[in-house]
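Chemist: One-letter residues, chain by chain:
2 protein chains.
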Amino acid sequence: MAVTYELLKECPETGARAGILHTPHGQIETPIFMPVGTLATVKTMDPRDLKEIGSQIILSNTYHLYLRPGHELVKEAGGLHSFMNWDRPILTDSGGFQVFSLGDLRKITEEGVQFKSHIDGSKHLFTPERVMEIQNALGSDIIMAFDECTPYPATHEYAKQSLERTTRWLKRCKEAHKNTEKQALFGIIQGGMYLDLRTQSAEEILALDLPGYAVGGLSVGEPKDEMYKVLEHTVPMMPKNKPRYLMGVGSDDALLEGVYRGIDMFDCVLPTRIARNGTAMTSHGRVVVRNASYSKDFTSLDHNCDCYVCKNYTRAYLRHLIKCNEILGFKLISYHNLYYLLNLMRNVRQSILDGTFAQFYKENINKINEGMGREKCRS
Amino acid sequence: MAVTYELLKECPETGARAGILHTPHGQIETPIFMPVGTLATVKTMDPRDLKEIGSQIILSNTYHLYLRPGHELVKEAGGLHSFMNWDRPILTDSGGFQVFSLGDLRKITEEGVQFKSHIDGSKHLFTPERVMEIQNALGSDIIMAFDECTPYPATHEYAKQSLERTTRWLKRCKEAHKNTEKQALFGIIQGGMYLDLRTQSAEEILALDLPGYAVGGLSVGEPKDEMYKVLEHTVPMMPKNKPRYLMGVGSDDALLEGVYRGIDMFDCVLPTRIARNGTAMTSHGRVVVRNASYSKDFTSLDHNCDCYVCKNYTRAYLRHLIKCNEILGFKLISYHNLYYLLNLMRNVRQSILDGTFAQFYKENINKINEGMGREKCRS
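Sequence order for the protein chains is R and U.
Each residue of the first sequence is one higher than the one before, counting from 1 in UniProt numbering.
Each residue of the second sequence is one higher than the one before, counting from 1 in UniProt numbering.
Don't take each hint at face value.
For identical chains, the list gives no copy identity; a pair is met inside one copy or between any two copies.
Calculated pairs, EDC-like style, for lysine to aspartate or glutamate (alpha carbon to alpha carbon, straight line, at most 16 Å) [as the list claims (entries may be wrong)]: (1) Lys9 <-> Glu181; (2) Lys311 <-> Asp87; (3) Lys51 <-> Asp253; (4) Lys182 <-> Glu110; (5) Lys171 <-> Glu133; (6) Lys296 <-> Glu76; (7) Lys171 <-> Glu157; (8) Lys182 <-> Asp87; (9) Lys296 <-> Glu72; (10) Lys323 <-> Asp120; (11) Lys116 <-> Asp104; (12) Lys171 <-> Glu52; (13) Lys75 <-> Asp297; (14) Lys296 <-> Glu29; (15) Lys9 <-> Asp87.
The set of hints was computed from the structure by calculation and includes no laboratory data.
Model the full assembly from the supplied sequences, consistent with the hints where possible.
Modeler: Rendered as structure tokens:
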């Protein structure tokens, strides 16, 4: 198999676990946050910046790369790793979330999804077979099944139809996937917020014996507690010897809560998106650098952070850059935000290995909840 | 004196010379190109990127920093070096060029220039005294006199009045400059394209015995040959034991021609500005990365360049980034363009030290002229 999961340690009091994901482009220490590089670049970040902050795997996007520059071109470049100068593992999203988000621009049939490009309105068809072909051309280490991300809210009837289509499409994906030696296909469990449907979806998806599984259809606007209930119900059904990926989640509180419930992998555009708006994620809550109160604040973004940005730049300078729309400002805050999440996950993992996660969780979740709410975060 | 010039070697066949500029923040090997950091950041570039490509000094801008974030704030931050995390030398432009460029928004009197901010229309007055006060607050190693950059074209009468005002203002600048131990005031020779007026200006400015001198009012739209004629006339009047700075020039051909005529220092926004439009400066001419012809070009930007970007990225990838307005694209091309000019100047300097500049000039100026024209380039 292209990707295998090695379980190292489980927390006795919670669902948290530490492991290693073995991939064709190297090992990933889990639990892990994956920075999102939608268009073959994690916005503002050079690959060597990503390595410096300890990114072990990044995510890129089938829908966006299919439209620009086109998967055939990426294939000619030697694949996505070579094209974007990133030699560590890559996971590609299937484009399912993006095409469903197009609203009036798309039409769902049993065959697949017809949609119009958000760039030029040109017509396209994504089917499970086509999406596998595209991801095979991209050459990412982990490829995601073409699923329907069930909208929120959805009726029980719709959520059931939708998850059953996702299962049928997954079978077609598995059939069509041409490069199982070097690329691992992950299935996605759907079912909306209905626990009986999550059970049905999990049973159908897990029966296909894939190298990894994701929980999809969460972080789509539902209250936080609903998401945690779905995780508490679904994750225990998932096998221990396979990685578990919670899609589209990237706030610090949700990472902690997800790990607590047994999740190994997370991704979200949140840290880089809010950075470009001048908002930093810190150990004392969100810092909206643009605020006038920081104009003469000559301290670092996060007083507990030892990243390059916090060691070298002040809030006053970062505010100046953001106020002037200077690219360096977007870059430095993106750098810090990603470091903050990756470092949080390193500490989480260490606490699991040390057998102190339950305590770590308790100490940190309260601190985090004081400073912030949760935001919707999908590309 | 805050800044002194040490002449190391002169080219016997041309005016070219190699030297060292000693400043409070370290030595600068001349001739040198100075990247422009208008708003306390060389656009897209982190200071450690600048060090990696060998930037020895950068330029920043009095007008822009006065408006945002304000020189008092920069002073509170410990000065511009500390504010922007750059511990090497900084030269600040006086703002003269910028306020004169405001057109209808400014009014010139003997006292100074009244102008309205390009950001919010607020009213301000720049006088020689005020401009010294601002630059003293910024704490740059080299500060420029408040001059009038005579427009092109100008009548002989206007150019004469203008240069004489520049002289009177320089005297007031010298009088008002409060930090001569740590900041060197450079005078600026004006006179438009009139050689007799250049003589008059040079005599008046040089009589003030300053630590360095600039040739101003060039690269303002005049034909290239006019600029070179003015340099050929003016530079020989300038003292050998002081640095000579040609303001606002940054195309590779003009750097070579300037060095040939005895110039030591250059600055221009050109390399970073055209980078953000997707244009690379290379040893085989300008490469407009956006062009469709590069969509499947998996070679480097400049086949003779060994910079980080050329070693790691293809034209196809850079084109993709630029087409998608990805910040990393602007950054990588800015990085390469600055490297290209700094590396050109390193090679120029070495050839002067080796006694082979005349040959170096001949070989390179033809190659460069094949591939490009010259562009107007001021911030």
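Chemist: Should lysine 9 paired with aspartate 87 be assigned to within, between, both, or neither, using CA atoms and 16 Å as the limit?
Modeler: Answer is neither; intra-copy 28 Å and inter-copy 47 Å both fail.
Chemist: Give the relationship of lysine 296 and glutamate 29 under a CA distance limit of 16 Å: within one copy only, between copies only, both, or neither.
Modeler: neither (40 Å within a copy, 35 Å between copies)
Chemist: With 16 Å as the alpha-carbon cut-off, assign the pair lysine 296 and glutamate 76 to within, between, both or neither.
Modeler: between (51 Å within a copy, 8 Å between copies)
Chemist: Have a look at lysine 116 and aspartate 104 and pick one of within, between, both or neither, based on CA distance no larger than 16 Å.
Modeler: within (9 Å within a copy, 48 Å between copies)
Chemist: Treating 16 Å as the Cα threshold, decide for lysine 182 and glutamate 110: within, between, both or neither.
Modeler: So lysine 182 and glutamate 110 fail the 16 Å test inside a copy (29 Å) and across (75 Å) alike.
Chemist: At most 16 Å between alpha carbons: which applies to lysine 171 and glutamate 157, within, between, both or neither?
Modeler: Neither way: lysine 171 and glutamate 157 sit 22 Å apart in one copy and 85 Å across, limit 16 Å.
Chemist: Within, between, both or neither: how does the pair lysine 9, glutamate 181 come out at a Cα-Cα threshold of 16 Å?
Modeler: neither (27 Å within a copy, 63 Å between copies)
Chemist: I want to check one pair: lysine 323 and aspartate 120. Are their C-alpha atoms no more than 16 Å apart within a copy, between two copies, both, or neither?
Modeler: Intra 32 Å, inter 14 Å, cutoff 16 Å: inter-copy only.
Chemist: Is the C-alpha distance from lysine 51 to aspartate 253 at most 16 Å within one copy, between copies, in both cases, or in neither?
Modeler: neither (24 Å within a copy, 38 Å between copies)
Chemist: Which holds for lysine 171 with glutamate 133 at a C-alpha limit of 16 Å: within a copy, between copies, both or neither?
Modeler: within (15 Å within a copy, 73 Å between copies)
Chemist: Could you figure out if lysine 182 and aspartate 87 sit no more than 16 Å apart (CA to CA) within one copy, between two copies, both or neither?
Modeler: Within one copy, since 14 Å is at most 16 Å while 47 Å is not.
Chemist: State whether the alpha carbon distance between lysine 75 and aspartate 297 is at most 16 Å within one copy, between copies, both, or neither.
Modeler: Between copies only: 13 Å across chains, 48 Å inside a chain, cut-off 16 Å.
The structure fails hints 1, 3, 4, 7, 12, 14, 15 (numbered hints given earlier, in ascending order).
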